[in-house]
Each structure stands twice: as structure tokens, then as C-alpha cells.
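With the hints as a guide, bring both chains together as one complex.
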Amino acid sequence: MDLDPDDIFRDDEDDLENGFYQERESSKELVVYLVDASPKIFSTTCPGEDQKDETHFHVAVSCIAQSLKTQIINRSYDEVAICFFNTREKKNLQDLNGVFVFNVTEREYLDRPTAKLIKEFDCIEESFTKDIGSQYGIISGSRDNSLYNALWVAQALLRKGSAKTADKRILLFTNEDDPFGSIKGVTKLDMIRTTLQRAKDAQDLGISIELLPLSRPDEEFNMSLFYAELLGLEGDDLTQFVPLAGERFEDLKDQLRKRMFKKRKVRRITFSITNGLSIELNTYALIRPTTPGTITWLDSVTNLPLKTERSFICADTGALVQEPAKRFQSYKNENINFSVEELSEIKRVSTGHLRLLGFKPLICLKDYHNLRPSTFVFPSDEEVIGSTSIFIALHRSMLRLKRFGVAFYGSSTHPQLVALVAQDEIVNGSGQVEPPGMHMIYLPYSDDIRHVEELHADINAMTSRATDDQIKKATALMRRIDLKDFSVCQFANPALQRHYAVLQALALGEDEPEIKDETVPDDEGMARPGVVNTLEEFKLSVYGENYDEGDDFHANGKLSDTSRKRKAIAENAVKESANYDWPDLADNGKLKDLTVVELKYYLTAHNLPVAGKKEALINRILTHMGK
Amino acid sequence: MKICFFNFFFKQEALLLLLDVGPSMHDILPEIEKVCSMLIQKKLIYNKNDEVGVVLFGTEDTDNELTKEVGGYEHVVVLRHIKVVDGDLVEALQQLPRGTFAGDFLDAIVVGMDMLIKKFGPTNKGKKRLCLITNALCAIKDPYEGTKEDQVNTIAAQTTEHGMKMDCIVVRGKQSQNADKRIMEENDRLLSVFSKKCFSKAVYIESPTSLLGALRTRNISPVTVYRGDLELSPKMKIKVWVYKKTSEEKFPTLKKYSDKAPPTDKFATHEIKVDYEYRSVEDPGKVVPPEQRIKGYRYGPQVVPISSAEWEAVKFKPEKGVKLLGFTDASNIMRHYYMKDVYIFITEPGNTKAILAASAIARAMKEMKKVAILRCVWRQGQGNVVVGVLTPNVSDKDNVPDSFYFNVLPFAEDVREFQFPSFSNLPSSWQPNEQQQDAADNLVKMLDLAPTGQEEALQPDFTPNPILERFYRHLELKSKHPDAAVPPLDETLKKITEPDPDIFSQNKTVIDEFRRRFELKENPKLKKSMRRLLKEKPSGSNDEGEGFGNAYDAETVNSIENTSIVKVEKIGDLTPIQDFEAMMSRRDGPEWVSKAITNMKNKIFDLVEDSCEGDTYHKALECLVALRKGCILEQEPKQVQQFPVPSL
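Same order as they appear, the protein sequences are chains R and A. Using this note's numbering, the first residue of the first sequence is number 1, and each one after it goes up by one. Using this note's numbering, the first residue of the second sequence is number 1, and each one after it goes up by one.
Same shape as in the complex, but just chain A (with noise of 0.2 Å):
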């Protein structure tokens, strides 16, 4: 719905790639490939007229339209010009020409700015986008007049005059350790420039995994969940903004296909509608319309029935704002109770006042480590409250205003606070000695997923979601080949799902050494089917070292109930226990209870009575006991009490 409602009012985006193809960009071009036709297919399904060309550098070949007017601007193709997304462009992607020369990422930004400006003018502000892939390792042709600096200056306020946005994706792989230090510095500050100049940022990223979530493949128009002001006081206020800093793009929910229409049918939908009925439970013969029905709140056992109109009269309103409860140290709130997807708050755009208060906050509260707690109700009309903690986010970028994340806390209702085991109180063999707590430091240290001086692996803001990757291949995969199997994971995406091959044989030492100091092994005492028995530990610390126990407990209550399939119909010789428990257990009669028990009783005094100098006593006691716990399971305890123990 929300995707609809911006495509109606809002204009489609026009987005220029801009692709460096040049030879030392070519160990990393099947990735390129991958993330650009994955960006065009999620256009083809969700933003389907939006508009797309692609220029390549560093090509063989020149084809543009300035170098045809003024000259200049060599070894840039326009390999489509910019027109609504279409599958030809997915494939065109999928297959880009491997370039021959060192490529100038400004020649580019230029063709493509001519571009966009030929094609829109002015028209079309904020929805125009450059995206340029390069390493910038080559080095940039010195203008014909002024510096480079000037000419990027001039550059940049051209891209902010037409409202045009840029991304610059930085490619900066092993290969550009033996790149020229120099040219690198100078373009980096170059791309620095269109970053501060206008609305351009430059990633830098090392690893194919990285580039391939650098690109947000998704363009979604954020809105606002709240605006108003961030109360302190009644008497202080700072008007903000509030949107979503993180929200799950979720799997996309397929249509369910039905294959009753005729194959010759070309305009079939194949959509299955479906059809909600409702019939009493005591009558299922009576269909209820939707209107009569009312809707039953569960309380215990009981269901309460209640319309929404007295709902609606009756339940909590709270008044729409956002307020500070107080600030609290920072480490009173830890991490892991964080419920929800990250919410943003910013000041409002423009409201300098604002931006100064919350900046003089942020930076408070990052200096002194503390945090502030609110009580939010974004909405006038919504049910509930939101109790939370905003924490300072503050920004190292000249032109970007200081501001706050906010994370949902949880209410004492959604806390359950189980007790587990000191881990000083659990039984020694557990405790890891020096030497397994060195192999642990040393594994935690050299296991290293962001070693200084180099790009922090997984990170978050880089890692692209490797099932959604799967699904848009294997889609487009399927719109040519029906009947294609779906193809095992892509090695760059395995490097999410597991270990970097690359880090653990650096490691192995350090793993090797690891495994040999902690022996691992099935625990002997578990047999499969007895596994379904084992309960949990009773909780409290105390308690603990009934664990194992409980297996042996549980077998035998449960020896009790099992054996009955085999009717047993008296307590024999060999196995007198077994047998009591069996036909105690016995459910097709009420009269096997009293049988065992009295078989039993005989069957004591018998022993008692037969034992030759006491040998059998310990059998007799066995009984006794067995017969006890029956006793006690039946409820029958006269039997025992009234059994004359016999002296022993």
C-alpha cells in the first residue's frame, strides 16, 4: 500500500549507473554485475516506471553524446540511456564488456550529469540519482583550465543546482595495496569534495560481500512516525522528527497460484481469493454473517464477550506526545533489552533552535555516559504507550545535524526473570583451567572480524540479506528457465552463513589449539529414547544437582504406566515388582488395583515366610517399597498403613 501511495504522488526516480570497467576493475566485475541487475529487478517489481541508464568507463570504445559536441570525454559508453526499467537491462547487467582502460571517474560524473540535465532540466529535484561503482586507483586527466579541484567544484554545484543526489561505491580491494598512493589520496579527496559540496557519499568498501550490500538495491521513501515536540519539561521543548532507522525487508509474500484456468486462457489472473466463513462450534450447521459477530476476550478460562464500541469507550487513551521521564546512567540499560526495529529522532529540518538543543544533549549525554528515558504516543488514538530509551547519535559530518536513536524497552510484563546457576557454582570438571582459558582468549582475539587498520567484516550497514540475494536470482533465473533448480548459495554470500575460510586458516594454530584443549563428547548416560524423558532442572540454583537423577526418577514412575500392554494377571516369582507395577497400571479394570495389591501382600508374606535364614528379606523389602509407591500412586494408603510391617 505505502508503495503505491508514493509512486501515486511522488515522481519516479531517474538513476544513472556509472561503472568503471576498466582493467583493474575486472576481479571485481562479476559482483557489480550481481548487484546491479538485482537493483533493476527490484525496480521491475516494486518500482516498475522508474527510469534507469548506465554509463560504463574505462571501455574500449567511445560513445557518448558530448564527446560528438565538444570532444574530450574518451573511453565513457553509454551502454542505455536513461528510459523505464525493463528485463532486457537485468540481462544487459548481467553481462558488462571487461574495459581496457584506466578509467576517469570525473569524465563520467559529467556524462552523466549531461545526461540527466538533457533529459529533465530542472524538473524532477530529489529524484535524480548518480551512482558511480570505481575503484578511483586511476588517475583523473588534468583539466584544460583551472585545477581539478576547481573543476569538481564547479561539478558539485552543478549536481546541487539540478537537485541531483550521488552515491560513490569505492572499491578498495587487496589489489590496491600496490596501487599509486598518490593518485589515490588525490581522488579521494576529490570524491571528498562532492560529499561536502553536495548531496554525495562516498563508501568505501574492501570485500565483494560488501559491495554487494553497499548498493541499496531499495528505494523507499521514508516517512515520518511522529512529529512534534520532544517535551522535557512542560516548559521546554524541542520540535522533532521521528522516522524508522531500521525496519526488516521481509521475504515477499507470494500469490497463490491456481492452475484452473484453461491454458488457452490468456488473461487468466491464476489469483486464488479466499473466503472467510464462520459457524458456531456447538452447531456447525449455522453460518453466522460477519456483522453478528462480537469479539470474546480470553481471561482464564473465560471468554468476555465485548463490541468495539464499549471497547472503544472503555479501553486506555493516551494523549499523543513524546515526554522525558529522566536520564539514567548508560549502563543501566543493556543491550540485549532492546525489543524492537531502531527508531530515529532528528530536529526538525531547518529549525536551527532545535538543532542547537539537541546537540547540546547529544554531546551531554555522550560525554557523561548517560541516556535519556521517554514515554512516547506517536499518534493521537493509539492504544498504548511506548516506553523507551533515546541514546545520542552524534555526527561527524559538518552538514549533518546531531541526533538520537531510540530503542523500545521492555515492561515488567514482557520480562521474565528465570534464575539460572552461578557459573562458580557449577560442579568443578566444568570450570575451563588456564590453560583452556588461554586457548579461549586467544581464539576470541585472533578470530578477528574487524582488525585495525583494515574494513570491519559483517558490518551491518554493508551486509547484503543473503535469502532475499537467492530469491532475486533464482527468480530471474526462473523467468528464463521455468524449470530451474534452485542453485547453491553464491561463494560471495556464503561468507555470511559461515566462517571466512581465509581468517581460520590464518587461525589454525590458534584453533587447533583450541579443539586440543576442550574434549567434547556424547554423554553415555543418555540413550535416545530415554533423551524425551529427561526433565529440566528444577529452577533455583539450589536445586542443581538433581539433573541427572531426575532421569532415573522419571524412568521408573514411568516403568509404571509403559509395561501395561503386556496384561500381566499375577505377581509371579521371577519378576514380583515388574509385575505389581503392571497390573496396578492395568486401565481395563477397576478391580486390578486391589489384586495387585493384595497379590502383592501375599506374595511379602510368603517371601517373608519361605526365606530361609533371611535371604530373601531383601526381596521382601524391595517389594515393600514397590508396593508403597503404588500405594501412593493409587491413593490407597490404608493398604500400607494397615499392612502389618512384618519385623524384619
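Chain R on its own, in the form it takes in the complex (with noise of 0.2 Å):
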């Protein structure tokens, strides 16, 4: 991503506090994946989910399929291609052999990508024999070179864009660590000295190739046949590119998924340590809230965008004004006003962007002490000789010593109070877990922070706490319950999966679909005797014998005057409704002869919202009526 140096010291007063949620995107990505389509991705089978085998072919393109949709929810503004070489027919602006550009109409090949795209990609393994078909493209006697014409292809579709303003990528997928095998002599170093050529090609036009290499669990995937130096790997780079030998189905898709998202910063920032010392750190949104999308509106009649037009209108006089450059805020029955300069210049209590103010122990960092999402910072040398030496230093002192930084982050719009967290680097067998840097966590200030535990906090009486025996079992309930491998991103938000489901079908004029919600406790694993009996011992032991929540209520006369209220109306309005025959009422048009009170009855007895006005009333008592 280009970031303007500049850019990073103009007022940002443009984005306001709701940009804090959107990543500045400052270009887009063009991408064009690139699958080897030779008869041995098909044959080669690693373990799959449920013990099953998959082929190489079906984890590349259920790695595709997964990003697309991923990529049509978050970045939809990016352009993708999809291309398979080592095929039997071919389909490419060159016309070179072996090179197939998949596609869907209404569609350039290289396009942003749609819904249909993702609905035929989807079927694309049963379709993939009859219309495309596999065949290897290099072989002896031939000069065809169908890795070759691949990247050919890939290039040319890559024209598009300056490379100023777009990113562009390569992302090959192969098993094939020795593509030119087969080849002898001259025509095999031949054959090698031109595919590289044009891999260089390609990469001196900012354009780069990344290689998501898949191995079988018997033979690693060699780097070193020919790709090393495709990708210019060389001494402990090339010993890093792990190949992803013998590992799971799962974690291989995992690790692909993640190589497959492009990082983006958001900002460059300047921390100042001491006076005269401040290094260059990047900052990263990792974590932000995945929304549905914004709202197109549209003209009902003709389904056509709208615009939205505002206009100030003086409350006095009616005239139409200029958006205003000053504010008030009434106070003591009076008007005072602000300038927004003036408003700009209040919140503006700190020159520096990130402030160093102290160290403090891990323990001193609360669960209540939290805001909004955390931010990532990760060093860089780019500007500033030395910011990543001084920033390793300090996160392994830090993380050594258990120790966090409180730092003021004075972005002139939201200027903040931060703890900086150190994170070490986790990696398993699936690539890297969390990255090494430092998360800057927003602070509350003491306003921000509501002291709810004393709200009814009883001073004529000690408060009840649990006995060891009591917390022993429940202990045991801990043991039971264990979510071991729980990782905190394991959940597709349901909502978000039902918001896009539902809008794919509608865009393909399909049925509506099925979501799984998977965030819906495992009821199953809860019914295990096991747990069953650790559950009721706990009950036992806190809520002790014959307990029943309602009674409790009950007993102690604690129902609150407000519920005991609404009971008692829901009871009555259950009793009013049954005086109705609402069927024939609605049949027969007459619920708008009724009040609003008498509506009321029906809504309140059936559990439904009463607000809005009668007709909203009678449309809601009609809906639930199924009419």
C-alpha cells in the first residue's frame, strides 16, 4: 500500500471518529490466482476433514471460493482473475496453449468479483473435466510451456491499473516441484532460463509472484528443483518458506487463507520515547467489527440509486444557509459559541503522535480497562534508521519484566491515553498465530468508568461468598466444561453469514438458504452424563435441594414494583383479549374501528411490541396473524 509521508502529517480532521473503523484504502489489489491444473494436483490426495482424502485441485479451490467470499464482503473494490494452466482447452487473450481464464458473463476477466462468479466457481469441480479438462503441458518433443504461457497470461491480465495505485499479485498454486522434469538437455535449461526470465518480468513491473506451494505428506515440496529462485529465495529466507509437509487439511487451508489477505497499514506514527528520541512504528488495524455493508438507497419504482441531497435551514428565519462554521453549546441560558478552529484546537492537547509516559506491571492492566478495539504496532526502518532496534529492545524488556507502556496518542481528532502491550510471536504448525509487536489498547478515562458493583451493595448485611467445598465443585464443572482449543476468532458471526447468504440468494434468485449458527452451545456435550452430573452436584451444593429459580422470587418477595407491574398488565390484557374474536375482527376489516388500547390487548397478550401508531398496530396484529 502507498502511504503518502505527507499525508501522515496534514491536519487528518477529515476522519472523524467513525473512520476509525475504516481502513484508510489508499489502493486496491488486483489478483490473479493462478492453479496448476496438471493431472497430478488431481491424484494427489492429503487427509482431509473427517478422515477423508482430498486432492490438492479441491484444497486450492475451496481456498479461492473461501476468499472470494470473504473478499466480496470486506474489499469488493479489489479485482480478482482466476486461471488454471496445464489444461486441455485453452481460453486467454494471447490464445497460448494450456492457459485457462475462468469466467462468467457480464464479467472482464480480470474484474471485481460477483455473484455469480462465486456461485459457478462453487460447482467449479464437477464442471471442471467436461469444460476445461487437465492435462499436463510440458513434455518432451514439445516446445510448449505451459508455465510459461501461464505467467504470460497472468501479466497481461495485470496491465490494468498503474502500478501507483494498485497492488498487484500473483498467487500460484502448484504441487509440482519440478515442473521442467520431464524435459532433457538443452531444451530444459532453455525452458527454465525463459519461464524465470519471465517471472522477473513480471516482478520488475511491481508485480508479485507468491508461491502457496502444496506438498504431499510423504515428499516435501522441494524449493530448491526451480522455485527458489523463480521467487529470488536465497540462504535463510529459503529455509524459512516452510513447506507445508505432512501437515492437516485444515491447518494447510489456514495457512493458505492467511497468505492469501494482503496487510494493509493504516497509519505511520511517531514514537517519541524521551525527548529527542523517537522512533518510526506502522500501525495496523488487525481487529475491527465486520459490518453488513453500507445502504444504497434506492428509488423503489425503478430500483435506481439515489442521491442524497442536505440543506441547512436557518429554525429563525427559513433561509437557506451555507453549512456553518460555528457551533454553541447553550449554557447558563445562554449561547456560547465556538468556532470549529476553536473546537479543533481544544481537542489538539498534545503535539507528539505517541507519547511515552511510563512503565507500569502487566496486573495493573484491567479487564474493565477497554474501549474500542485494539490497534497493532509493528516498527519500520524505512524512514528512520534504527526504530526497529530500539522497538525489539523494549518488547523484549517488557515482555521479560511483565511489563506494559502507558503512552498519550495525540491524533488530533481522538486523542487517547494507551497501554502498549507487548505480544511475542506464537507460531505453530500452521504458520504464525499472533505477529511480535505491541497492541495499543484504549484507555477509559475515570468519567468513562461506572461503578456499578456498589449499586446495590446491601450495608446492613455481610454478602453471601461461596465455601471451598462449593468452589471445589464448581472447579470440577470447569474441568468438564473445557473448551481446550478454544481460538477466540473460531466463530463465523451468524448475523453477518445470514446477511450475505440471504443477499446472494437474492441477487442469484435462489432459495433461501440454510445458515448454521455456530456460536449455539454445544447441547449435545452438555447432556454427556458426565457433565450432567457435575452440573447438578454444583446445583446442589450452591442452590441446594428442591430449588426452583421462579420460587426463589417468589419467596423472598423480591419482584421488583416495575415487574410485578407488568405482570399484572400482561395478565390483565390476556384476560381483555380473549373478549375479542380478533379472526373475524381481521377478516372483516374492522380492527380499525377498535382503540388503540383495545389493539394493545392483543400485542401485549401475545408478547409483541405496542409501539407506533394504530396502523402499525394493526399491520403487526395482521402479521402475526399470518395475513
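No lab work stands behind these hints, which were simulated from the structure alone. Check before you lean on any hint, since a few could be wrong.
Here are the computed distance ranges between Cβ atoms for each label pair [said to hold, decoys possible]:
#, chain 1, residue 1, chain 2, residue 2, range
1, A, V203, R, P361, 18 to 28 Å
2, R, H456, A, K315, 29 to 39 Å
3, A, F267, R, P361, 51 to 61 Å
4, R, I363, A, K68, 44 to 54 Å
5, A, P501, R, S487, 39 to 49 Å
6, A, P290, R, K567, 37 to 47 Å
7, A, I220, R, P289, 18 to 28 Å
8, A, S331, R, P289, 18 to 28 Å
9, A, P501, R, R400, 23 to 33 Å
10, R, L401, A, S429, 17 to 27 Å
11, A, D275, R, G276, 51 to 61 Å
12, R, P289, A, V203, 33 to 43 Å
13, A, S331, R, S142, 51 to 61 Å
Here a beta-carbon is modelled for each residue, glycine too, at the ideal position from N, C-alpha and C.
Below, the structure written as C-alpha cells:
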């Protein structure tokens, strides 16, 4: 991503608070997925879910399908092309052999993903043999070189857009580590040379080529045979490029998915450690809530988009005015005026970007010291050499001494006190799980914290505390219902999944799909005898025998006045509602003759909302009756 | 809206400030003036009908009703009787008199209590508050009968009976080191009786900055987010109430000001109404009425129209409830995954069984370092679910039940798994050496904001929002001087935004050592103009080395695009490559590309043919490379392929 350094120092008044949740997208990404479709990728398998073997082709294709679905939600302006090589059929602009660009109607080869593309790509495995076909394209006796052709096609597709505003990438999926293995002699050398040259040309044009190698359980993908040179890997980098030998299918998929996203930095900031010593950091938004996207208003008659025009009207004179530069706050029965500049001057409390104030032990950072999603910071030596070195030293010390940094983040719109928590790198079989760096946690101020605990404290009595035995029973419970491999983001957001499934269904004219809600408790697991017993034991120890939650209420007489009143109203409504023949009233259109109070009997009795105008109430009743 | 709602349903708060102005308090009085006037200011804006009174103690004079009625209670002055807040009070609090006697805070509490009882009697329960600010360093007079403890017990019982709350802010700055330890301990013990026996809370603070944060200046009645079951399983439930624990107090939204009304109009509101009109994008002349609009949702390049009724029928509708998914090790949930402001789960008030159950779980969680994962739907009809982590909040006060904090966790869609290089894979010149690491260790150790035995500096619970402080002070200033400029940030508030000079000067040697050990310099390879060309390193740790190389590539490509300003028409001898690139990138006619290629080819032939013992071969080769690159860019492969490569 390109970030103009001058941008950072200009006043970022325009990205107001809501801008916090949006990354600055100064460039878009153009990606060509280049998938090897040689017979080998179909014949090689690795153990997948449910112990079934999956072909490498399936792994590659399902990764792409998954990333397309994510992309259409998150970054639908980015453009993609899907391209197979080592194919029987050919389809590409240059008419080169063995390369097939997969596409759907109403779409260019390299274009934004559409619902149709996703839908048809989902069934690629069924249609592949018939429409595209697999055929290895590098055979002795022929001068054809399908890999060369594939890179050539991919590069031609990526011609679109300037290198300055777009990130161009080729993601190459293959399980063939020695593409020219069957060729001998001068021809082989020649083919290798031309292919490498082709790759280098592409790289010279600002296209990055990334390899996503698939290896068999028994045989590692050998980078040194060919691809190391194509990617320009040497020495340490080469050994770092860990091939995925023997990994489980899911891990493989996981890593591929991770590597398909390119990181984007939000902004570059200066971290001032002491006076006169400032280092350079980049900030990244690793965690931000994904929302269903913005709504475009359409004219319901024509389905054409609408433009919203805002106009300001003086409440006193009714005159149309320009957006005023003054604001006011009423105070002591007076209007106190502020200019917009004055307000931003008030907010400008700090000159530095991020200023270190000191360090504290990690236990000082409480669970309630949080307001917003954190921001990740990683050092950069791009402008100030030595930044990374200082950062690494501090990072190590903070980890070792179990301390976090307190700093003031002086953004001009939302200056805030932050905690800088060092995070060590965590790597597992499927790659990096947590990157090394620091997380900036936004701290609340005293007025943001509420003291609810004491709100209902009973001063006349000591509150009850669990006995050791009860705690022991709870401990046993925790051991039973233990989510061993819980990872923070293992659940898909069911609301969002539903949203997009519905959209996709509507966009494609399909039936409404069933979405599995992954967040519901595991009822089966909870019903296991071991769990049930421990739960019962715990319940017995804290609640005693013959305990019914509902009873406790009435016995204690603790039911609050409001809820008692609410209950009485509901009971009354049920009684009153029974006096009307609702279906008859509805059928004869007589609901409108009833009063709002009467209509509310029905609504309250059926536990429906009672808000709104009479018309809305009637509609709600009719909907509820299914009319 | 919420605020109006509560003002409507609940009685206004009555607050009595009990301020110690004795000689030992003089240092801190400016801060007390600031925080108290700020409190009144916010009430003037958000709770206009609240009532406030002020009692000073440690004063030269004596002026209170009790002294007239029963005698005693010397050096306690009622600065202002309990009445609705106004601007005069703000000013009065900004100029507190300096007292000359050692203050007796117990006398002040009794006077304050008496005032509240006389004014409200038993009414206004729970909305009466005493706020005591003192250093509690001066001895309390012995009562006429019984012990001081007895007296405090009686007073505590009285406040409880009348439903009064009490906040005690005890300021213990540096001067308390020289104070009489015996008196100090006795006073602390007496104050702790209040905390135990009545709705009272005592906080001890040291710095002026935390004084500004210690007094809650905004009075917000908490509302429950959820009341109902915390379901461990369908058969085991705990009754809980859920509140917000943190919620950001936003910068006030100011109204837009219109100056159109004539200055003579006394009743002008000066407000501005915002009007919206919807026009078709294709036909801007056509205005569409709001009810004719329909929401369109983006799906890639498509916009799918869905009416709200249609949407209502198909959207995700989870059942209300809070359900346990399971427990897991606390170390599985890293701190930076907390997504939002924080909730607190308390057990249903008065439900002893629930308190017990929650207490057992909270304590077991703490002991075993476990947390619970919950799935929450707070309201019926809510369109989404929340998955989050429940952490124990074991209470250290006898009368406060154990509770839990709840933090929202991200869903799979919310996490972007970017890859970053391992620190150990970075070039060795970027790795700190042993001395550097020692210097960093020392810095992290010594720049300590939470030294043992001292107040933790910048504790969120006691740190005011400097921007809001500044805004309200400026507001007050402008109400008197409309043209006043924004004053610089107060010294006390600067402690929040800037490093504390005391800590930094105390650790000067550590800091100097750190600065000496590390060297920073501007990257000389980067010219300002070139920086914008720098591209981000490709993802994946494998290709880190390319970082700087990119700058060069970007430049070459770019030069092709940029030099077209000077219109080059033929390839000269001096700079053939540049001329060629310029011609290739001319966009004022399609013929330039082929012209450039032909020209370049001829040039190469010339160079080869004219060479004298190969002296121009090198140049020819460079031209050939440029020709190749240009052809690739312009997708003219045949031009290169067909070009007979001269055997050099």
C-alpha cells in the first residue's frame, strides 16, 4: 500500500471518529489466482476433514472460493482473475496453449468478484473435466511451456491499473516442485531460463509472485529444484519458507487463507520515547468489527440509486444557509459560540503522535480497561534507521519484566491514553498465529468507568461468599466443560453470514439458504452424563435441594414493583384479549374500528411490541395472525 | 434522550460538598476549585435541576445552623445552602477562601447531614449525596460522651436511615509524609467505618491529577442491558443483571449556529434544521419522496434492493438469552482481542442463592485461571449475537458480592491475519546487542508509574479526560469573555499528555544511557519525492529482503510514465533509453509506440554496426533491455521476439 508520508503530517480532521473503524484504502488490489491443473494435482491427496482424503485441487479451489466470499464482503473493490494452467482447453487473450481463464458473463477476466462468479466457481470441481480438462503442458518433444504461458497470461491480465495505485499479485498454487522434470538437455535449460525471465519481467513491473506450494504427506515440496530461483529466495529466506509437508488439511487451508490477504497499514506514526528520541511505527488494524456494509438508497419504483442532498435551514428565518462554521452550546441560559477551529484547538492537547509516559506491571491493566478494538504497531526503518532495533529491545524488556507501556496517543480527533502491551510471536504448525509487536489498547478515563458493583450493595449485611466446597464443585465443573482448543475467532458471525447468504440468494434468484449458527451451545456435549452429573452436584451445593429459580423470587418477595406491574398488565391483557374475536375482526377489516388500547390487548397478550401508530399496530396484528 | 428520561422519572440529586480549606490543604485547593466548578458546570448542562450546597471547614469563621442551635461546630462555614445550581456557584467555587484552622471533617459531616435532613427529611432517598474532600491529617475533637468510634457509628447509622450516600476523597500528597502518623491512622480507621456501615466510599489519592479524576463529575443512572438467566445448561441457571462497566463520555455535540436572525430578536433560537432530499442519480431533477425509497445492499458490484418487511422476514433472529459455551484457560484469550466497552454481570440483587453460585464460579475461575465463553442476546429482536469472555471480579469488600466482567470477542470475519516477520529473522544490524538490551531493561524498569508503596500514576479510574476538562473550562471562560482564546493546557492535565518531568529527571542517567546506546538516523536512501513510491513489502516472511529493491523498480517504471511531459519525437544519441521510454509513453497518438520501437531497433543496429571493437556493445545491450521492457509493458511481444538478436 502506498502511503504518502506528507499525508501523515497533515491535519487528519476529515477522518472523524467513525473513520476509526475504516481503514484508509489508498490502493486496491489486483490478484490473479494461478492454479496448476495438471493431472498430478488431481491425483495427489492429503487427509482432510472427517479423515477423508482431499485432492490438492480441491484444497486450492476451496481456498480460493473461501477468499472470494470473504473478499466480496470486505473488499469488493479489489479485482481478481482465476486462471488454470496445464489445461486441455485454452481460453485467454493471447490464445496461448494450456492456459484457461475462468470467467462468467457480464464480467471481464480481471474484475470485481460477482455473485455469479462465486456461484459458478463453487461448482468448478464438477464442471472442470468437461469444460476445461487437465493435461500436463510441458512434455518433451514439444516447445510448449504451460508455466511460461500461465505467467505471461497473468501478467497481461495485470496490465490494468497503474503500479502506483494498485497492488498487483500473482498467487500460484501448485504441487509440482519440478515442472521441467520430464525434459532433458538444452531444451530444459532453455525453458527454465525463459520461464525465470518471464517471472522476473513480471516482478520488474511491480507484480509480486507468491507461491502457495502443496506438498504430499510423504514428500516435501522441494523449493530448491526450481521455485526458489523464480521467487528469488536465497539462504535463510529459503529455509524460512517452510513447505507444508505432512500438515493436516485444515492447517494447510488455514495458512493459505492467511497468506492470501495482503496487509495494509493504517498510518505511520512517530513514537516519542524521550525528548529527542523518536522512532517510527506503522499501525495496523488487525481486529475491527465487520459490518454488513453501507446501504444504498434506491427508488423503489425504478430500483435506481438515489443521491441524498442535505440542506441547512435557519430555524428562525427559514432561510437556506451554507453549512455554518460556528457551533454553539447552551450554557447558563446563553448560547456560547465556538468556531470549528476553536473546537479542534481544544482537542489538540498533544504535539507528538505517540508519547511514552512510563511503564507499569501488567497486573495494573484490568479487564475493564477497554473501550474500543486495539491497534497493532510494528516498527519500520523506512525513514528512521534504528527504529526497529529500539523497538525490539523495548519489546523484549517488556515481555521479560511483564510490564506494559503507558503512552498518550495524540491524534487530532480522538486523543487518548493508551496501554502498549508487548505480544511475543506465537507460531504453530500452520504458521504465525500471533505476530510479534505491540498492541495499543485504548484506556478509559475516570468518567468513562461506572461503579456498578456497589450500586446494589447491602450495607446492613455481609454478602454471602461461596464455601471452599462450593468452589471445589465449580472447579470440577470447569474441568468438565473445558474448551481446550478455543481460539478467539473460531466462530463466524451468524448474523453476517445470514445477511450475505440472503443477499447472495436474492442476487442470484436462489432459495433462501440455511445458515448454521456456530455460536449455539453444544447441547449434545452438555447432555453427556459426566457433564450433567457435575452440573447437578454444583447446583445442589449452591442452590440446595428442591430449588426452583422461579420460586425463590416469590419466596423472597424480591420481585420489583415494575416487574410486578408489568406482569399484572400482561395478565389483564390476556383476560381482555379473550373478549374479542380477533380473526373475525381481522377478516372483516374491523380492526381499525377498535381503539389503540384494545389493539394493545392483543399485542401484549401475544408478547408483541406495542410501539407505533395505530396503523402499525394493526399491521403487526395482521402479520402475527399470518394474514 | 436517556438523560431526559431519568430526570423525568427520578428526583433530582441533592449534593453537598464538604471541603477542607484548612492550612494543610492550601496547596491542593486550586485543583479542588477546578474539579468542583467543573462538576457544577456539567450539572448546568446535563442536570440543570440538581441541587447543590457547599460547606467549608477549617475556616477562620464559623457560620452554620448547628452552632447557633446547640453550640460547637466551630470553623465550619456554610458557603451556600442547598439550592438549584447556577452560574454564581461556579464562580464561588473558583475562589474558595483559604482557611486558617485545622479542619474537623466529622463536624463538617454532621453539619452537612443536618442540612440535608432539614431540607428533605426522609424524602429523596438515594438521591442525597455528601462529598467530602479532605486530607484527613488533622485530629478529630473528642466527643462530649462516648468514643470517636461510637460517634462515627451513630452518624453512619443516621446517614443510612436517611438514604444518604457519601463519597470521601482523601488527598494524601507529599506533605502527608511529615504528618502525625497516629492521627492519620485514627482518621483512616474512622473513615473506614463509614465505608463499612453506610453507602460510603473512600478513595485515597496523591497527585493533583488524580484528584481531578477522583470526583465523578457526571451523574449517570446506570441502566441494565439485560436481566435474566445466565444459563450454564438448560437445567442450571443463575439470575444476573448486566450493566455497562465502561462507556465513553463523548465530546459534547454542539449545535450548528445560524446568524441569520436579526440581532434584535431576543427569542431567536439560532438553531439550524437539516433537511434531506432524495434525487435520482441519473435524473437529478427528479425528487423522490422518502417513503418511496428502498434500501439497497451491496454485494460486490451489485446492489440488491430489499424492503424492510422482506428483510424482517428473512433476517437472523436469535432468541434472547445468555448461554455458557464453555470454560477455557485465561491464557487462550489475549488482552488485545477485547473489542468494545466492557459489561459487568452482577447477580440479581437480594438473590442469595444466585450470589452464592456466582461467587463459587468467580472464585474457582480465579483460582484455576479460567474464563468462561458466553453467547449473549441481550434483547428479544436483537439482530445479532455477541460472543465474549467472562472474567471474574472477586470483591474485596464484605458487603459487595462477587461479579464478573464481560468483554466482547471478535468473530472470524473481524480478524485480519496479517503476517509479520519474526524479529529473529530481521537483519542482524537491527538486533539490539547486550548493552542495548540492558539499557532497555533499565528504562522499562525505572520509568515506573506504579512504584511500590506509592500511588499508581495515571490509573484510568482516577485520570480525567483532558479534552473534556479543557472544553468545560473554556466554556466557562467564554461565558464571561466571548472572545477569549483557547488557553494552553493546564499543568495538571499536562501530566496526562506528556511525560512527567519529575520521573524523567529522576531517571536522567537511565535515559541518557538508553539514548547513548541506540543510534537513530534518517534514511539517506530516501529522498522526500521518492518516499511516496515506496511500496509496502510483500506479505509473508519469505520476501522481506525486497524492501529497498522495490524503490528502484518503482522508479524505473515510473520514469517511463512521467517523462512524457517533454514530448520526445525521435531517439537521439545522448540518452537513447530515456528518449525511447518517453516516446513509448506518449499518449497523444497510437503511432508513437510503433515509431519508438522502430526507432529503437534502428538505433540498436546502428550502435552495433558503428561500434569500434565493441565499444558501443554495452550501450546497445542496454537499449535492447529497454526495448524488451518497453515491449512487455505495451504488450508488443512479437516486436522483441522477431528482433534478430545480433550476436555480440
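A quick look at each hint next to the structure:
no.	hint	in the structure
1	A:V203 to R:P361: 18 to 28 Å	holds (21 Å)
2	R:H456 to A:K315: 29 to 39 Å	holds (36 Å)
3	A:F267 to R:P361: 51 to 61 Å	holds (59 Å)
4	R:I363 to A:K68: 44 to 54 Å	holds (53 Å)
5	A:P501 to R:S487: 39 to 49 Å	holds (45 Å)
6	A:P290 to R:K567: 37 to 47 Å	holds (39 Å)
7	A:I220 to R:P289: 18 to 28 Å	holds (25 Å)
8	A:S331 to R:P289: 18 to 28 Å	holds (24 Å)
9	A:P501 to R:R400: 23 to 33 Å	holds (28 Å)
10	R:L401 to A:S429: 17 to 27 Å	holds (25 Å)
11	A:D275 to R:G276: 51 to 61 Å	holds (53 Å)
12	R:P289 to A:V203: 33 to 43 Å	holds (35 Å)
13	A:S331 to R:S142: 51 to 61 Å	holds (58 Å)
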